[in-house]
Structures are given as C-alpha cells and as structure tokens.
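Student: Residue strings, one per chain:
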Amino acid sequence: MKISKFNIVLLGLALVAPFAFYPVLLMKVLCFALFACAFNLLLGFVGLLSFGHAVFLGTGGYVTGYLMMNTGLTPELGILAGTIASGLLGAVYGKLSVKREGIYFAMVTLALAQLMFFVFLQAPFTGGEDGLQGIPRGHLFGFIDLSDNLNMYYFVLAIFLFGFWLINRTVHSPFGQILKAIRDNEPRATSLGYNVNDYKWAAFVISAALAGLAGSTKTLVFQLASLTDVHWHMSGEVVLMTLLGGMGTIFGPVVGAAVVVGIQNFLSGGELGNYVHIIMGLIFIVCVLAFRSGIVGEIQKIVKRNFG
Amino acid sequence: MATFLGINLFGLFGQLLVGLINGSFYALLSLGLAIIFGLLKIINFAQGAIYMLGAFGAYLALQYLGIGYWAALIVVPLVVGLLGILMERFLIRPIANEDHLYSLLLTFGVALVLQGLFTHMFGSSGLSYAIPDALKGGTKLPFMYLPNYRAWIIIASLIVCVGTWWMIEKTKLGAYLRAGTENPALMQAFGINVPLMVTLTFGFGVALAGFAGVMAAPVYSVSPDMGSNILIVVFAIVVIGGMGSIGGAIITGLGMGIVEGLTKYFYPEASNTVIFLVMVVVLLIKPAGLFGKEA
Amino acid sequence: MKLMNKTLLSAAMAVALTSTAAHADLSDDKVKIGVLADMGGVYADVCGKGCLTAVEMAVEDFGGSVLGKKIEIVSADDQNKPDVGSAIVREWIESKEVDVVTGLVASSVTGAVTKVTTDNKKIALIAASASNAFTTKACSPYNAHWTYNVVALANGTVKPIVQSGKKKWFFITADYAFGHALEGIASKVIKAEGGEVVGAVRAPLGTTDFSSYILQAQASGAEVVGLANAGADFVNSLKTAAEFGLTEMMDVAGLLVFTPNAKALDPAIAGGMLTTTGFYWDRDDASREWSARFKARQGVIPAMPHAGAYSATMHYLNAVKAAGTDDSDTVMKLMKSTKPDDFFAKNATLRSDGRMVHDMYLVRITKASERKSEDDIFKIESVIPGDKAFAPVLPACDFK
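Taken in sequence, the protein lines are chains R, Z and S.
Quick note: the first sequence uses my numbering, first residue 1, plus one each step.
Quick note: the second sequence uses my numbering, first residue 309, plus one each step.
Quick note: the third sequence uses my numbering, first residue 604, plus one each step.
Think of the hints as simulated: they come from the structure by calculation, not from any bench.
Predicted model, so just to flag it, every value in this text is computed and none were measured.
Virtual Cβ for every residue (Gly too), placed ideally from N, Cα, C.
Please note that the accuracy of each hint is not assured.
What the hints assert, rightly or not - Derived DEER-like restraints, expressed as beta-carbon distance ranges: (1) Z:Leu386 / S:Asp869: 25 to 35 Å; (2) Z:Leu386 / R:His233: 30 to 40 Å; (3) S:Gly875 / Z:Glu577: 26 to 36 Å; (4) Z:Leu317 / S:Gly875: 50 to 60 Å; (5) R:Lys304 / S:Ser668: 51 to 61 Å; (6) R:Asp148 / S:Gly875: 57 to 67 Å.
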C-alpha cells in the first residue's frame, strides 16, 4: 500500500476518534473490522465462503482469556497465544475443508465450527453459558495500564493496523496474485502447475490466525469471552459485514463492520431492539438483490466510471 | 426388565422410537430442502423460518379464524406455499443466474426478517397449541407409553415423504420436472413452461416445511426461533444424505433422528452436536454425501 | 487484586463516611437508573418490559426526583447474552452517567454485569437472577440480590416433599450454570433429609423435545421428578411429561415456576404442583393494590421479579434520600442498616453479604375447579421465614 494522502487522513481520524466517540465502541468496530478483513481474505480473494469463521474468533478469545486469568501473562503475549491457537486450529480445519468446493466447503466449515462450539460449551475451563468473566486487561509490556480506555484504544488501533497491513501485503504479493487466479479460474491455475489446495490452505491459516487475533483483542477489550463469539450467528454476521462493505475490496469489510456495529449499537438501547434482526435481514436482501459489490465496491465503480 | 450388556433394552427401544418421531420432522424438512436444491439449485436458508411460519399459521388460524387442526393441515401449507411462490418470483428469480451462494445469503436474510418480525409481534417465550381431541391419549406398548399424536407424526410424515418421492422419481410429472431443470431450453422447446414449473416446485418444497410446522405446533412450543434452531441441523442432514438426493434426504432424516435419540440416551449433552460430527465424518469419506452422485 | 480491592474499599469508606452531609451530593447532578433485562427472549415475561414498568412505577411513586434532582431511567435489552449485557452496562457507566443497575435476569448476564459494576463501584440491584453466586463465590460489596435464589427454591420446595416421605428423586436439569446450581443444592437438601437422588439428565438450554428425557425419568424408578429448569424449558418439559403419562406415575416438582409460565400451562397438567416463590400478587391488600396498578399498565399480573425490581429500586431511592448522596458506599451502608418494608418485602433485611432476606412462600398451583379468575394461579400453602429459606452469610462475603 502506498502511503497516500487519503490514508494519512484516515489515520489522523483514527487517532483523534476516541475524543469524539465512546472508545469501547470504536474498539469494537476495529476488532470486527479486522475479523471481517480476515474473512474477506478467503471470500473476496480466494472465493471460499467459510460459514464457520466465528470458531476462530472465539478460540482466540477463549485462549487469551484463559491465559490472562490464570497465568498472569502480559496482554501482548496473551493475544499472541490466542492468535497462534486459532492459527493451529485453522491449519487442521483448513486441511479438512479446502478440498471441498462451494456449498460443501461452507457446510464442512460450519460443521467443524459446531464441534468446537460443543467443546466451548462443555469444557470445564470455559465457564459454559457464563463464559469467562472478569478477564484482566493487564499491563502492556508490563508497564502500560490497559484498564485505561485510551491506552487500550491505541493498542487496539495498532493491532488493527498491523493486521490490516498484513492482509494488504498478502493480497498484493505474488502469493496473493495466485490466490486471485484460483478464484477466477481454478482449473487454469491447476493447469499452470500450482498446487491449488496448498495455496487455499495457506490462505485459510492466515485468515484463521487473523480472525483469532481479532477475537483475542476483543476479549481483552470487553474482559469477557463468551459463546456468542463461536455461535454460527456470528459466522453469518461476518458474512453480512463483508458483503455490505464490498467483498474483494480492501476497505469494504472495514466499512461493513463499522456500519453493522453502528446499527446494532444504535438499536440496542430501548424500543428499537426488536428491529435488529429485521434490519439486518433487509440489508442482506437488498445487498444481494441490488448491489452485490457492497458500499465500497459501488463507490469504486462510480469513481472508475467518472474519473477512470 | 430386559437388559443387555448392562443397557436397559426397554429404555433403549423407547429412545429409538422417540428418535424416529424426531426423525420424521427432519425427513419432512430436509425433503423440502432437497427438492429445492436438487431440482432448482437454490439453497433455501429460509426453510427453518418457513417451518416456524407453518406453526404460527396453525396457531393464528385457530385464534383468529376458528380453523382447527385438521383444516390447518391443508390450508396452512397452501398459504405458506403461496408465500414461497411470491418469494421465488420476486426475490430469487432475479438472482437465478448468480452463484448459488447468493441464494443462500438472500434466503438467510429472509429468515432473519421473518424471525425478527414474529419476535416483534409475539415475543419469543412461546405459545401453546392443543393436541387435537381425536389424537389425545396414548397406547401402552410393552416398553413405553406412546402418545397417539406422536404415532400420528410418524405415519403422516411417512405418507407425505414416500408420496413425494414417488411423484418425483416415478411419475411423468416428475420426469418433466427433472428434465426441465437439467435442460431448460430443450423442455421449453417442447412447449413446457419451465419458469412456471420452477416457481411451483419451489412453492411445493416450501409448503412441505409449512406442513411440518403445523405438525409440530401441538408438541413443540410455537416460538419465533423454533426454525433457526432446527435449520442448521436439517441442512446438515441434507448434506449428509447428498445434496439434492430426494430419497437420501428422507432416509437420512429418519436415521439422524434415531442417532440423536441414542445420543440423548448415552450422552445427552452432545445431542445437539452429534449430527455435525456425523456430517464431518461423512463428508471426509464420501464427499458427495451418502446417497449423492459424485460430480 | 483481592488485597488492592480491600484497601481501595476501606479508603473509599473513610471518604464516604466523612462526606455524608446534609446537602445534596449527587454525581452528574442526577440519579440515573439503568434497567437491563431480556426484552424479547425466553425470559421476557419474567423480567423484560415488566421490570422496566416496575422501576418506572417506583420512580413515580417516589415523586420523580430525589434531593431536588431528577431521577432518570435508561433501559436496554441484554438478549440473555453476557457479552451484550456487560458491554451495555460498561457504556452506561463510562459514558452515560448511570448510577445504579437493576433488572438483571439470566444469571450468566448478571455475573458479567456485576463484575463491571463492582469494578466501577456502582450498585447492582439483582431483581430476577436465581444463582446464589452473587452473594457467595462472586460476592461483592456492591451487589444487592433481591427477590429469591436457588437456595431458597430448594429449601422451600424440596424439603417439605422429602419430609412427606417421597425420598427417591430424579432430575431433569437445564444444562447451564443455573440448572447445575439448582440441582446441586436440591440434591444436598434431599440427602440431608434422608432421601436419595437416583439419577439426573442434563438437557441443553432451549431443548424443544423433552421426550427422551421424560422416558429416562420414567425408567429411573424415582418417586419425584424435579425439574431444575425455568421458563420455556419448564413449560415444555412439563407438557411432554403429561403427554407421555409421567405425571400419572410420579410426582413432578417444578423448582422454579414463575406465574406467567404456570399460566401458560393447562391447569389439568400443572394443577396441584408445589413450588416456591418470593412474591404472589394475591397475598394481602397491599400486594393486590400494587399488582392491580401494575396490571393496568402492563396488561398482566406481576411475576416475582417485577415486584422485586420495584421494591429494590424504592429501597435504593430511600437510601439516597436519607444519605443525601448517591455515593455507592454510603448508600449501600444505609440500605443494609435500614429494613426494606413494602408490599413485597415482609420481615426483610438486606444482609451484609448483599442477600435480601425476606419471607418466601410455598405455593400450590391451583386446579381448574379452584380458579376464580384467570389470574388465580397459586394458592399460598405456607410462609417460609427468611432465615429458613436462605443460607447464612459466608465469612468471605461479610461486607460490613
């Protein structure tokens, strides 16, 4: 990614945002944005719809939460451990699922995610329905107190930027070009001598690990790991975010996550709470029917048409 | 009591029968999904919400129109099927040529809207619907007391499932249908209105879910999330049976009901999960499902 | 961590004691009550919009203002999810100036929320949760657990049944923290009274089909089947029990039955069942008067959490008024030293551990022939004095 004026403005906005908005809400947006970007790496750039991606978000969260509560690890190490755990799970699940295509891939990932859901529901260390509660945020590198929301915000922003940069690098690397070739024409990629499944698997692992990074970070922000994060509804939600923002675009999932989290937050207080499902459902329908390129995708089209 | 290897056999028979009853619901629901996918290549994620709609249809018909259970068994699937036809015509047809995954996402959205709408109107604590008088009471079997209504579920579901299978696989109408979806242009040339056929087939598949909903109303609590809980299980069943295999969906539906019943006996906590375990194993060994044809 | 909390606490107490003065000393110049409840889920009838109505009634009856400042109410839906609930309460406290949180249904949500309130030194008035953890292993100087808990339910319902000679029990338990706790405590009571538990089966929360669990109960050879579940799970399991003829063979005891759940069931199925409750609308003139007002606004008779939410809010507001401040430590101290007394709270006291101890009632679900109106759901069999219903204060939770 070139450092353009546009990006500098965005970064500037991100740096001052916590003074205008409630920092925890912003952190939530950043965590989900990272999750959606990780998911988009698979859906948008490899063409694989995983319908069980919540399992990686949740696994990262539970591992980080458990370690922070029981071992006194510093937050950066706790998050690292959660990320690695999700990456390892992704390596196993990826091995089992990337040979399948289309709907079968979606269903295998869903089924595998349901198996882990069962583990998190029943295993003694996860707290079942209660989840892990009261996870300490701890001190970053041992001396920066993260219980302060502002400190936490900049830490989360740094994590998000790192993840975002990594995805961007991946997409624009030779490896990413091959992924796109697979997405666009898999038989052709195979005939060119690429071992398609290995490439898919590698992308799956990266995506899983970054989803785990998002989940680990979210757990620290909210000091809680719960079954919501591994439930299949969460897997559906990340599809919504990506679709709404624009799959296969770099900024799309970020915009989608911000819009979805924003709507949920706006509706959760008071009378409108009941409408959350209805509105989310309508967004799905409208996106699929009217603009499959999503918000960012449509904007790009307009820009291209008028200025390109 | 009869025991074998320390297992109470009577208890086990009871669990098998109860599993078969649940399997009857799975068979009805997965049959509808399999028809819609097998013939139309549409992944209908709204099938669970439509099942819920069927149960609410029975409840509302009784409350506001005085339509009893037996009439509801006919009327509600027809109304629900009509809704399905509208859905196909105005929502799904516009994206008919896109990737299958878009129909999944679209119908997922429809499911969310329906569920949200009913939650908004009725709350989600559940409503109750009485068992029809003719089916109250039960029969004492050697190993368990079988309520008459539960026996009726098995019978009704088998009749509908076998009838549907026979119609699609063995009759001329079914042959047209299969040919029409495999080679629409050719059938069109023979003077058959393929788009209409697609719409009606979708309506029929959806009506099956509505029928299952009416059947479920007297025994399960009628609530807006009853469909979302069962949906992914039924989806798993269709995949295990082989997407699009009509007979496979029926047999797998009944079979998975029994597997689940056994799990409730030996390890009840896992009863919600066992089907996914079966699905993972089946897909790893036989990627196209138990009864599916390899692509 | 623990040590730090204690030092912080004593420091805060010292400040609070010296600052108790006659002039109004309200943070942000108002008192703001947050009502967190299940607005559309399985517990919506038990503590959803009804809990909000009850809190609104309390604020109106109090006069709408305290110490000359307005009392505000905010509410939100926790969807029975601990992550949703704790995030809302965090935002309420950190950016919306909320002073006290009430409602609080699903025990998992309450657990997560009370962590946040305690960290921020805000009072949580728990009106509807069943778990006894909030005054034992997760106790806090800022928790006030009002209406009932699992210990009171087990002592109230299980003990008299075992004493009547029905000693062999089987449990159908909701497979999560609340169900496990209820089953565990009920089992202890059964054993202490000389009975035995012949088996138990754990059904996932929100199970639609209870038939295989009912068959297992039938095969167990028990005399009593205890339903350690609540809400829709209770209704569905009892309906299925009746369908499969279990109710003809054995006694069924519902360990947690709220009035709306009992009302949803055919009296032919539920009539005659014993259960324990912290409140019943038709107890005396005062309870009937309040319940009539509640019904006029909400359309249904109040369940026990509704009455509890009113009573807790009222006691809190009275304490704020008497203390002249909304400082949590000062207010809590006063709440514990004055006795709650209203249509809900009889012979009541808020103990040092935050447990509100009051009269509980052993009730019987009425049969169809006894019902004089559609709301005639329970008949009070006996009053269980608070000290017989609840467990004593644990030393670790004795917050003076």
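Student: Hints first: check each against the structure and report whether it holds.
Tutor: Each hint, compared with the structure:
1. Z:Leu386 / S:Asp869: 25 to 35 Å: 30 Å, holds
2. Z:Leu386 / R:His233: 30 to 40 Å: 32 Å, holds
3. S:Gly875 / Z:Glu577: 26 to 36 Å: About 32 Å separates the Cβ atoms of Gly875 (chain S) and Glu577 (chain Z), which means 26 to 36 Å holds.
4. Z:Leu317 / S:Gly875: 50 to 60 Å: 34 Å, violated
5. R:Lys304 / S:Ser668: 51 to 61 Å: 60 Å, holds
6. R:Asp148 / S:Gly875: 57 to 67 Å: 59 Å, holds
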